[in-house]
Every structure is written in structure tokens, then in C-alpha cells.
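Protein chains: 2
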Amino acid sequence: MWQLYQFPLCPFSRKVRLVLGEKGVGYEPVRESPWLRRDEFLDMNPAGQVPVMADDRGVVLIDSVAICEFFEETVSKAALLGGTAADRAEIRRLVAWFDVQFFRDITGPLLNERMIKRIVHRATPDSGALREAMKAAVAHLDYIDFLLDHRTWLGGSTMSLADLAAAAQISVADYLGGIDWKSHEQAKRWYVGMKSRPSFRPLLAERMESINPPSDYEKLDL
Amino acid sequence: MWQLYQFPLCPFSRKVRLVLGEKGVGYEPVRESPWLRRDEFLDMNPAGQVPVMADDRGVVLIDSVAICEFFEETVSKAALLGGTAADRAEIRRLVAWFDVQFFRDITGPLLNERMIKRIVHRATPDSGALREAMKAAVAHLDYIDFLLDHRTWLGGSTMSLADLAAAAQISVADYLGGIDWKSHEQAKRWYVGMKSRPSFRPLLAERMESINPPSDYEKLDL
Chain E
1 MWQLYQFPLC PFSRKVRLVL GEKGVGYEPV RESPWLRRDE FLDMNPAGQV PVMADDRGVV
61 LIDSVAICEF FEETVSKAAL LGGTAADRAE IRRLVAWFDV QFFRDITGPL LNERMIKRIV
121 HRATPDSGAL REAMKAAVAH LDYIDFLLDH RTWLGGSTMS LADLAAAAQI SVADYLGGID
181 WKSHEQAKRW YVGMKSRPSF RPLLAERMES INPPSDYEKL DL
Chain G
1 MWQLYQFPLC PFSRKVRLVL GEKGVGYEPV RESPWLRRDE FLDMNPAGQV PVMADDRGVV
61 LIDSVAICEF FEETVSKAAL LGGTAADRAE IRRLVAWFDV QFFRDITGPL LNERMIKRIV
121 HRATPDSGAL REAMKAAVAH LDYIDFLLDH RTWLGGSTMS LADLAAAAQI SVADYLGGID
181 WKSHEQAKRW YVGMKSRPSF RPLLAERMES INPPSDYEKL DL
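Same order as they appear, the protein sequences are chains E and G.
Going by UniProt numbering, the first sequence opens with residue 1, and the numbers climb by one from there.
Going by UniProt numbering, the second sequence opens with residue 1, and the numbers climb by one from there.
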């Protein structure tokens with residue numbers, strides 16, 4: 001049985017959990033708060049970040065991209081990197097886009113202002129930083145609308161790792177009140193479709209202590 | 001013929017160039033300064049980052065991880081992600097380690113202090129930030145020594161993408177005077193081996209305008 005070290009609002013752990021859900025891989029979630037920098041965890045992953053997966057045979061997988069590629073290679077069910085080499089490059093480009101740019105501009109600042117400051121520093125969020133993140137979210141939703149003007153799914157004609165990476169980041173930003181769907185009908189329809197997948201339900205049911213999501217966070221009709 | 005949009009001290013472009021060199025893929029380098037945020041370049045890559053590769057048939061590859069995976073999938077010569085799925089996960093973990101942590105702690109700050117400040121802001125580097133980066137470099141060289149205590153190459157028993165990712169970052173940090181090899185004999189031997197590969201020679205011969213590397217930058221006996 002795989003163990004997954006993660007915390008409820010980690011967007012990279014959510015991406016991995018969606019992959020595991022789509023592929024039908026069972027796992028036991030293990031709560032890890034990377035900001036505590038626990039010695040045993042740092043011994044396992046010197047980068048100090050979740051997600052990390054470990055199994056009973058001593059295999060340890062570190063880094064969300066490496067973990068997703070591992071299960072794509074070892075579980076043929078629900079291919080998430082399909083098509084030609086160029087199609088896969090486009091999917092991987094978008095995974096990096098959401099992992100890096102969306103996280104840097106939106107999910108990262110929201111987690112810092114609304115979670116880390118509350119849990120670690122006992123401080124109040126900076127409203128300027130929150131406004132910047134919400135403005136950046138609008139630009140990212142515009143880009144999702146643009147992609148969906150040309151394609152059925154974000155990465156191409158089938159559901160792929162790009163959709164899971166995007167939905168993982170958006171779900172965390174949405175939990176933290178950073179997403180306003182107004183005038184993003186296409187992106188909203190796509191996200192409601194993602195939310196209704198069985199792989200998404202366990203994530204949406206989870207709560208982070210002392211931080212509540214908006215009332216429509218779990219709803220399938222936004 | 002592929003075109004590679006890059007600038008001489010971009011560590012991610014260097015990683016891609018090493019892959020192309022090892023695989024024997026020809027390409028024409030096209031100078032792109034991403035800090036200028038050229039409209040035509042942003043139209044091609046909304047993330048605004050190099051490397052980007054384009055060919056005559058209209059294929060555009062964006063993001064260094066996606067590009068490396070593309071050539072690993074399409075050119076069988078010189079496999080850079082060999083072994084079992086778990087071996088490949090370990091290689092990909094290390095690629096992320098050097099792309100993300102090494103860049104964040106060392107190459108990124110060095111580029112900012114010694115290149116961006118000079119070229120864009122006409123400002124002097126912050127000596128505190130430079131000291132921090134050089135201290136972080138010692139910790140990373142320690143980690144490379146630790147890996148080489150257990151393995152012939154960073155990612156396992158054969159030369160892999162992990163070695164190229166690490167050497168690409170280190171070569172930029174070295175150019176910018178951020179690497180001190182003292183008491184890192186193992187890491188130094190490994191790096192001299194990387195420098196002596198034919199794929200490395202064109203990179204070492206290149207210069208960034210108005211920034212000179214240390215005298216031993218190209219030398220094979222450090």
C-alpha cells in the first residue's frame with residue numbers, strides 16, 4: 001500500500017491525488033505539515049516539500065512531476081499523457097504553466113496570506129497581496145477560456161495531466177476565496193466537469209483546520 | 001532544423017543544449033532576452049521564459065522539462081532516463097531538485113545580482129545576497145558529494161538527465177563566481193568529467209556581454 005505525505009490544501013499533492021484517483025491506485029494519506037520541517041521528513045526528502053510517496057517495499061517517490069510520470073508509466077489505465085510526442089510536450093508545458101506560474105501568482109500567495117500567516121505567524125493577511133492574487137486569477141481564467149476556444153480539454157482532445165494540474169491549483173485557490181467565475185463561462189463549465197469526477201470528491205470533502213471554504217466550494221452548479 | 005530561443009547564461013537553456021548535444025540533435029541558437037518581454041516572443045510563450053524550441057513544420061516546444069522529455073521520447077541515442085520506473089522517478093526528482101532548489105537558492109540570485117542588475121537596472125549587486133547564494137552553493141556541493149558516495153553518477157549507475165540538469169546550473173553559477181570547489185573533491189571530479197564532454201564545449205566557449213567568467217571557468221583541471 002502506498003502512503004502519501006501531504007496536507008489538505010497542497011495543490012501539488014492534490015494533482016497527485018487526482019492522478020491516483022483517475023488511475024485507481026489506492027493510497028493512505030499521511031498528514032505532513034512541511035512548514036514544521038520535521039527531521040524524519042527532511043531525511044526522506046531534503047527539499048522538505050510534499051507530496052512524497054512511499055510504499056512497503058522501500059520505494060520513495062519525491063516531487064509531484066516525478067510521481068505523476070511514475071504512475072503514468074506503470075499504470076496503463078486512464079492515460080494522462082496521450083497522443084504524439086508533440087501532444088505530450090504541450091500537456092507537459094501546461095502542467096509546468098499551472099505548477100509554476102499559477103502557483104507563483106495565485107495559489108502560493110493565497111496559501112501564504114490565508115494559511116501560513118494564520119497557522120505559523122498568527123498574523124493577518126495583507127489585503128494588497130490578496131488583491132494581486134485575485135487579479136492574476138482573472139488573467140489565468142482568461143487563458144483557460146482561450147485554450148477551451150480551441151480544444152475540448154486544456155491539453156488537447158482528451159482529458160490529460162494538464163486538466164488535473166490546473167484543477168488542483170484552482171481548487172485550492174477556490175477554497176481560499178481567490179476565484180471569481182464571473183464572465184468565465186467556459187472555464188466554469190470545464191471546472192464543474194472536473195469537480196464532478198469521482199477522483200475529485202475526496203479532495204472537496206476535506207477541510208483545513210480553522211480555515212473554511214466559501215459556501216459554493218463543493219457545489220456542482222456554480 | 002530546430003531553432004532554440006535562449007540567452008548564454010540561462011541554466012534551463014543550457015540543460016536543453018546539453019541534451020541536444022548528447023543526442024546529436026542539430027539546432028540554431030536564437031538570442032532571446034526574456035527580460036525585454038518582446039511581444040512576438042510572448043505570443044509564442046505566454047510564460048515569457050526561455051528555452052523555447054521551434055521547427056520549420058510549426059512545432060513549438062515550451063518549458064525545459066517538456067523539451068527534454070520530447071527529445072528523450074523521439075531520439076533513442078544516448079538514453080537519459082534509463083532503468084526502471086523507480087530509477088526514472090529518482091532521476092526526475094533530481095532534475096526538479098536542481099531546476100527548482102538550486103536555481104532558487106543559487107543560480108537565480110546570482111543571475112539577478114550579477115546580470116539583471118547590471119543589464120536592466122544599472123545597479124550594483126547586493127553583497128549580502130551574493131554571500132547567501134555562495135553559502136547555499138556549499139550545501140548543494142555537499143549534497144552532490146553525498147550522492148557520489150553512493151553512486152557513479154548523480155541519478156544512478158549511468159549518466160542521466162540529472163547530471164545534465166546539475167551541470168547546467170553549476171556552470172552558470174561558476175561563470176558568475178558563485179562556486180568554490182575547496183573540500184569538494186568528489187563533486188569537482190564529477191564536474192570536470194561533465195565539462196570534458198563534447199556537449200559541454202560550445203556552452204563554455206560562449207560569453208555574456210560585459211560579464212566575464214573567472215579564469216578557470218573553461219579549464220579541465222580546476
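Some hints could be false.
One copy or two, either will do: identical chains are not told apart, so a pair holds if it fits within one copy or between any two.
Unchecked claim - In the SDA-like style, the derived pairs of lysine to any residue whose C-alpha atoms are separated by at most 25 Å in a straight line are:
no.: 1; residue 1: K135; residue 2: R38
no.: 2; residue 1: K23; residue 2: A129
no.: 3; residue 1: K135; residue 2: L42
no.: 4; residue 1: K117; residue 2: G21
no.: 5; residue 1: K219; residue 2: L81
no.: 6; residue 1: K219; residue 2: T124
no.: 7; residue 1: K182; residue 2: Q101
no.: 8; residue 1: K135; residue 2: N45
no.: 9; residue 1: K77; residue 2: S199
no.: 10; residue 1: K135; residue 2: A79
no.: 11; residue 1: K77; residue 2: R57
no.: 12; residue 1: K219; residue 2: H121
no.: 13; residue 1: K23; residue 2: A86
no.: 14; residue 1: K117; residue 2: V75
no.: 15; residue 1: K23; residue 2: W35
no.: 16; residue 1: K77; residue 2: P46
no.: 17; residue 1: K77; residue 2: Q49
no.: 18; residue 1: K135; residue 2: W2
no.: 19; residue 1: K135; residue 2: A47
no.: 20; residue 1: K135; residue 2: L36
no.: 21; residue 1: K195; residue 2: P213
no.: 22; residue 1: K135; residue 2: D43
no.: 23; residue 1: K135; residue 2: P46
Hints in this document: simulated from the structure, not taken from any laboratory.
Cross-check of the supplied hints:
In this homomeric assembly, K135 and R38 come within 25 Å of each other (Cα to Cα) only across copies, at 23 Å, whereas the closest approach inside a single copy is 35 Å. Neither within a single protomer nor between protomers do K23 and A129 lie at most 25 Å apart by alpha-carbon distance, with minima of 37 Å and 45 Å respectively. Taking the closest pair of Cα atoms, K135 and L42 come within 25 Å of each other only across two copies (19 Å); inside a single copy the shortest separation is 35 Å, beyond that limit. In this homomeric assembly, K117 and G21 never come within 25 Å of each other (Cα to Cα): the closest approach is 31 Å inside a single copy and 46 Å across copies.
For a Cα distance limit of 25 Å, the shortest separation of K219 from L81 qualifies neither inside one copy, at 29 Å, nor across copies, at 42 Å. Taking CA atoms no more than 25 Å apart as the test, K219 paired with T124 passes in neither setting, with 28 Å inside one copy and 53 Å between copies. Taking identical chains as interchangeable, the C-alpha atoms of K182 and Q101 lie at most 25 Å apart only when both belong to the same chain, with a minimum of 22 Å there against 37 Å between chains. Taking the shortest Cα distances, K135 and N45 sit within 25 Å of each other only across copies (20 Å), while inside one copy they are farther apart (34 Å).
Taking identical chains as interchangeable, the C-alpha atoms of K77 and S199 lie at most 25 Å apart only when both belong to the same chain, with a minimum of 14 Å there against 38 Å between chains. Taking the closest pair of Cα atoms, K135 and A79 never come within 25 Å of each other, the shortest separation being 34 Å inside a single copy and 43 Å across copies. Proximity of K77 to R57 under the C-alpha cut-off of 25 Å is restricted to the intra-copy arrangement: shortest distance 23 Å within a copy versus 32 Å between copies. When the C-alpha separation of K219 and H121 is checked against a cutoff of 25 Å, the pair qualifies neither within a copy, at 32 Å, nor between copies, at 48 Å.
Taking the shortest alpha-carbon separations for K23 and A86, both the intra-copy value of 23 Å and the inter-copy value of 18 Å come in at or below 25 Å. Taking the closest pair of Cα atoms, K117 and V75 never come within 25 Å of each other, the shortest separation being 39 Å inside a single copy and 48 Å across copies. Taking the shortest alpha-carbon separations for K23 and W35, neither the intra-copy value of 30 Å nor the inter-copy value of 40 Å comes in at or below 25 Å. In this assembly of identical chains, K77 and P46 lie within 25 Å of each other by CA distance neither inside one copy nor across copies; the values are 32 Å within and 32 Å between.
In this assembly of identical chains, K77 and Q49 lie within 25 Å of each other by CA distance neither inside one copy nor across copies; the values are 28 Å within and 34 Å between. Taking the shortest alpha-carbon separations for K135 and W2, neither the intra-copy value of 38 Å nor the inter-copy value of 37 Å comes in at or below 25 Å. Taking the shortest Cα distances, K135 and A47 sit within 25 Å of each other only across copies (17 Å), while inside one copy they are farther apart (30 Å). For the identical chains of this complex, K135 and L36 are inter-copy neighbours only, at 23 Å across copies versus 30 Å inside a copy, given an alpha-carbon limit of 25 Å.
Taking the shortest Cα distances, K195 and P213 sit within 25 Å of each other inside one copy (15 Å), while across copies they are farther apart (52 Å). For a Cα distance limit of 25 Å, the shortest separation of K135 from D43 across copies, 21 Å, qualifies, whereas the shortest one inside one copy, 38 Å, does not. For a Cα distance limit of 25 Å, the shortest separation of K135 from P46 across copies, 17 Å, qualifies, whereas the shortest one inside one copy, 34 Å, does not.
Of the numbered hints listed earlier, those contradicted by the structure are 2, 4, 5, 6, 10, 12, 14, 15, 16, 17 and 18.
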